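Chains as they are written, first to last, in the numbering used here: chain S, 1 to 372; chain Y, 1001 to 1372; chain B, 2001 to 2372; chain F, 3001 to 3372.
Just so you know, these hints were derived from the structure itself, not from any lab. What you are looking at is a predicted structure, and each value in this text was computed from that prediction instead of being measured. Beta carbons are placed, not taken as given, at the ideal position from N, Cα and C, and that holds for glycine. Hints are not guaranteed to be accurate.
Said to hold, decoys possible - Pulled a few chain B residues facing chain S out of the computed Cβ check, cut under 7 Å:
| # | residue |
| --- | --- |
| 1 | Phe2013 |
| 2 | Met2014 |
| 3 | Lys2016 |
| 4 | Ile2020 |
| 5 | Ser2027 |
| 6 | His2031 |
| 7 | Met2260 |
| 8 | Leu2280 |
| 9 | Cys2313 |
| 10 | His2318 |
| 11 | Gln2319 |
Number of protein chains: 4
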Amino acid sequence: MKEIGIGIIGTGFMGKAHAIAYRTALSAFPHIPVPRMVMVGDVTADAAAKAAHQYGFESSTGDWRQVIANPAVHAVSITTPNSMHKEMALAAIAAGKHVHCEKPLSPNLADSLEMVTAAEAKGVCTQVGFNYIKNPLLKLARDMVDAGELGEITGFRGIHAEDYMHDPQSPWTWRIDPAGGPGVIADLGSHIIGMARFLLGDIAEVSADVRTVIRQRPVARGATEMKAVAVDDVARMLVNFGRGCGGTIEANWIQTGRKMELGFEVTGEKGSIAFTQERLNELHFYKAGGDARRSGFTRIEAGPQHEPYGGFCIAGGHQLGFNDLKTIEMAEFLGGIAEGRSAGPDFREAYEIQKVVEAALASSRQRSWIKV
Amino acid sequence: MKEIGIGIIGTGFMGKAHAIAYRTALSAFPHIPVPRMVMVGDVTADAAAKAAHQYGFESSTGDWRQVIANPAVHAVSITTPNSMHKEMALAAIAAGKHVHCEKPLSPNLADSLEMVTAAEAKGVCTQVGFNYIKNPLLKLARDMVDAGELGEITGFRGIHAEDYMHDPQSPWTWRIDPAGGPGVIADLGSHIIGMARFLLGDIAEVSADVRTVIRQRPVARGATEMKAVAVDDVARMLVNFGRGCGGTIEANWIQTGRKMELGFEVTGEKGSIAFTQERLNELHFYKAGGDARRSGFTRIEAGPQHEPYGGFCIAGGHQLGFNDLKTIEMAEFLGGIAEGRSAGPDFREAYEIQKVVEAALASSRQRSWIKV
Amino acid sequence: MKEIGIGIIGTGFMGKAHAIAYRTALSAFPHIPVPRMVMVGDVTADAAAKAAHQYGFESSTGDWRQVIANPAVHAVSITTPNSMHKEMALAAIAAGKHVHCEKPLSPNLADSLEMVTAAEAKGVCTQVGFNYIKNPLLKLARDMVDAGELGEITGFRGIHAEDYMHDPQSPWTWRIDPAGGPGVIADLGSHIIGMARFLLGDIAEVSADVRTVIRQRPVARGATEMKAVAVDDVARMLVNFGRGCGGTIEANWIQTGRKMELGFEVTGEKGSIAFTQERLNELHFYKAGGDARRSGFTRIEAGPQHEPYGGFCIAGGHQLGFNDLKTIEMAEFLGGIAEGRSAGPDFREAYEIQKVVEAALASSRQRSWIKV
Amino acid sequence: MKEIGIGIIGTGFMGKAHAIAYRTALSAFPHIPVPRMVMVGDVTADAAAKAAHQYGFESSTGDWRQVIANPAVHAVSITTPNSMHKEMALAAIAAGKHVHCEKPLSPNLADSLEMVTAAEAKGVCTQVGFNYIKNPLLKLARDMVDAGELGEITGFRGIHAEDYMHDPQSPWTWRIDPAGGPGVIADLGSHIIGMARFLLGDIAEVSADVRTVIRQRPVARGATEMKAVAVDDVARMLVNFGRGCGGTIEANWIQTGRKMELGFEVTGEKGSIAFTQERLNELHFYKAGGDARRSGFTRIEAGPQHEPYGGFCIAGGHQLGFNDLKTIEMAEFLGGIAEGRSAGPDFREAYEIQKVVEAALASSRQRSWIKV
């Protein structure tokens, strides 16, 4: 397999990020197939054509079904709003295309399961956009956990908090339309839940408080007419992992002042690691034992010793950025396709994450612990 | 009132801290009565005499009742283990002495209530050793909350984590003897619960997971014989404040690598503040609005503009330390006595904190939300 | 001008960075001409062909002159070792090609001046690879200085320190071959000198201590035979800026532990800014005046309000990386070509920077202040 | 020697800090003689009496000579303005009293030498108030250097910058009266020069730029009448240490926004340490070698494993403050007296520091390197 034809549906924030990532992937990962930028689709032909020019696609369309129908397209990235994922993904799968779908997979578990089942039945490779775990330092963190460097794990504290909805005057938008599913617990919560699972495995049960703090918003910026908000803007969870340890997880999109407070602290009997996406090129590591006068958290800076950083830069300290994480993600997707496997996180994993989301919502409604 | 006679019972970590604080108080707070170091008591006369020499007391005793009986003693600091607080405090109160008692007040709510009732009936001033909130920057934080600078409060995240019990080979000690009450939720949890209350007021209900992770420990350092651990070493809570907002609180004494991770993030619709005791001379403040190109969290450094920092140093940036917080605490205790009021946190407040602790324990047992 | 044909000479660290940057430029900067990846050259045809495949060039060559001779190539990136810059650049200029040359421009001032003169005579656009100043936050920093937000500038402290040569067992390589010019003062010093000039303008005079600390190195890794080192590994400078303020600048490639300690503190009578490339998405800003209880350094996080961040990501806090800075650089180069001007830093500016380097070397030899 | 009678001359910022320190010393250092607070002197009897009350002295006087004449006083702390140090110190020495004198020792080298000579001739113990090096982590830093943990030292970067004079509207005061000696190079420069010497030993030569940036100031706050400023407000130095390595040192009291930017980075071939007084309970340590994937700067937090931290607190992470450093200083002074030696830094060391100051001033005037 020397070349993989790429189609992208959607040209917004994520559509662009995918395009940049596909175009950079081979430079950073020399052994993957060449991604060929075949076709991009958007809701209007004009928008798609503009995107094709800017992102370097060979062709464009105002009808997303043409992206899927294009025989030169082998893999499709779906970057449209959540409520459209299912229809597009099922169509792509039916056409035998490999599918990357942005998170969350769909507004509800049943739809997501349908997508998982279809993809597995068809045998196509899938991936869902949980890009933050593609950080080389997150791979190191998981290696440390798996190798027992931290000893028996005793706790997890995770958070994904931003502030893009903190202002009560921020208007009602598609983002808080319940047609798209839950609010922050799906939008940001899925990231930190996925990260928790990436590091520590299954979450077995949850006790959650998921709430809507800002209960109404203007129908438009500056409008006086208000519209009730039905989705959550803060979710707080106590969790028990299948491996036995406990933890807390928070998702919050009204955390005033925080632009990317996505982080965690994993603690074991013999060591701890701490991370925040605000400084994504640093992992803080404490190893118990040794010389007490010299012990403390070590700030590990990302460098070529942390694969696949070296694909981007041969020298440490130069810093990866958000788009580089996206490049790793898409490169792994392409590499997986070449090897006939889903490089992950695949639809199945996204479904597992969503089960935690749904359990948390149920827990909050019932005010009790819920098994995932 | 020109002079207050001081008696201290207990000469360990806290006994010494109290002594240093009393001896420094007047230097930092010129308007309080002179604390006269009258008598110190410990379990042996020798230990007490040694402490008297070192801490500058006029006299000493191996019988704590003599401290209380000493007519020159007007105020007593009780710095002994939790299980002894009640008997000593009640005796001091009965003798009409003002009482500072280290936290937690007692091993259980009923005992604490008895102490509160006795003190209030007698009309003596009381204080309990929640020293961390004496930080000038914590006072600033509360002022900001109270003045509405953060807008409507939308969330609290608090933690007090240390690692002094993280090693499974650390032996069973008095600290984990259930006779002293609960484990970390009382030892450290009371600090962060108290801080939460200081900043945001009453906690109305709680859903908690309080657990014993390290279930047995050697009977002595290096011993092979093991003894079961009955008290908690991690406590995680979802909380609802009486004012309406939610939050999470964690207490943890097996947080490997952390020596003083006592901190919080308070978020409101218009701003946020973040603090950690690891850097106790800094408060991070975000104010929404203003020039977006220049906005961010401001690192406020403690200085004389933050009372009562100026009592310790006339120039900013010089840094207060733990013992300075203790000095503020004791100075406020003395100042309160002079004015005929408990400067706080008093026994009543400690009891309110303990009610949250007990509610969390009940919640964890019943696996449900519990009203405080 | 709808398309600019790109040729790159050299396929190492920088060759790859240029390729990634050109391929991403249009996605982040929609209004520039389309960069067409025409040809890449390296010392062997095989290496060049491999690079063409990986970086997406239409053609490749083992003879760099063919890159320049290619009529479809309008702009050439020279990313070869310093000692080869002059010959290549002059050839490209002679062929009327726009030239980006990596820093430092050449091993000595005379060669650089020849390059500047040739480029200006021919009227081609030039750029030199001082990528770090392309950071959106550096643009903000300069805006602040220029707008007088810091008041009269009173001082500058700048450093570029890394540790890639700190180990005395690191062998003698081309990097310390004097044929390539000075050592760290050219390699890293040029970055921080350029940054100083970017922020504050001309450096008028300098008193420097430029030295070789590790005086010999193995001829190869693990070899016992040693070879003398002739170039500097630490350079420390006192500087006077033309605008009147003083400062210090250090360049150091034996700063053990530092991977990218490129930073500065600019101070004025009314404010200060501080920056380190280790956390390139943050600028720390202090504004004098205002409420003393709430003042401090504000940590400004890069976001779309800081152009051209928004071209990479529509949301703040997502973090740019090193390759993104390179993309901004190349996009500005292309944008400049489209507008018929050098977007800078151009050959002339690189020459001005080199004059400071040479003045520092002279100062160190003569142990006196030297006018630039 | 069971008791040492203390006299303090001066009751301002430093007088108070000395008093607090003496009164706390025995609590933290149980083996030193008991400091007895005998007498305090100030310019008026009233001010002295007030200080005696607040700081716990037995007696007070408006005539500083009486402090020295008091036979119960064995050790005198001189905390008056620089210009008065010499007369007071010589009188105390003549009376056979041990002397602690605040820094800088005197306005000029000749006077300081006279003080050194007198003290050494008389055989009294002396100390000068370079308190910052009393930090337990600074002792660790020096131990690391001395033990060769960093390998051959290759560089030093030191700074002491604050902003108490940054505002051009801050009026002319005694602090900038040339009668007191140089400006910031003596006031803050002596601290960072002393710290450099503490860590790395003798400074052999210096090339400095010492300047007055704010050339006139109002005669009083708010006044329109201006008075010329004769002393320096910024000093920048290139230095060569006697041990062979180079470095830079800066002293600055117009560093807007910085309240206590006193810090350094010491680099060796095998490791580095970095420190800032802004976070005085942290030392950052990098050790070359080991596992590259896990290497980085370790943030060492002060704890009882770093003597004499444990005298203040038995648990790590609780944080020492400025006054605690002062306590260590005075305790060492007292301990030294008990053992018949100057615990340091003594008058001789202060004189050596001042020689560097004077060399820097001469260098700046002559615009050349000057041997110390």
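Going down the list of hints, with the structure as the test:
1. Phe2013: 5 Å, holds
2. Met2014: 10 Å, violated
3. Lys2016: Nearest chain S Cβ about 6 Å off; hint holds.
4. Ile2020: Holds. Min distance 5 Å.
5. Ser2027: Holds - the Cβ of B/Ser2027 comes within 7 Å of chain S, reaching about 5 Å at its closest.
6. His2031: Since chain S brings no Cβ nearer than about 10 Å to B/His2031, farther than 7 Å, the hint is violated.
7. Met2260: 3 Å, holds
8. Leu2280: Holds: closest Cβ of chain S sits about 6 Å from B/Leu2280, inside 7 Å.
9. Cys2313: It holds, given that the least Cβ distance between B/Cys2313 and chain S is near 6 Å, below 7 Å.
10. His2318: Hint holds; B/His2318 Cβ to chain S Cβ min 4 Å, cut 7 Å.
11. Gln2319: 5 Å, holds
Going down the numbered hints, you'll see the structure goes against 2 and 6, while the others check out.
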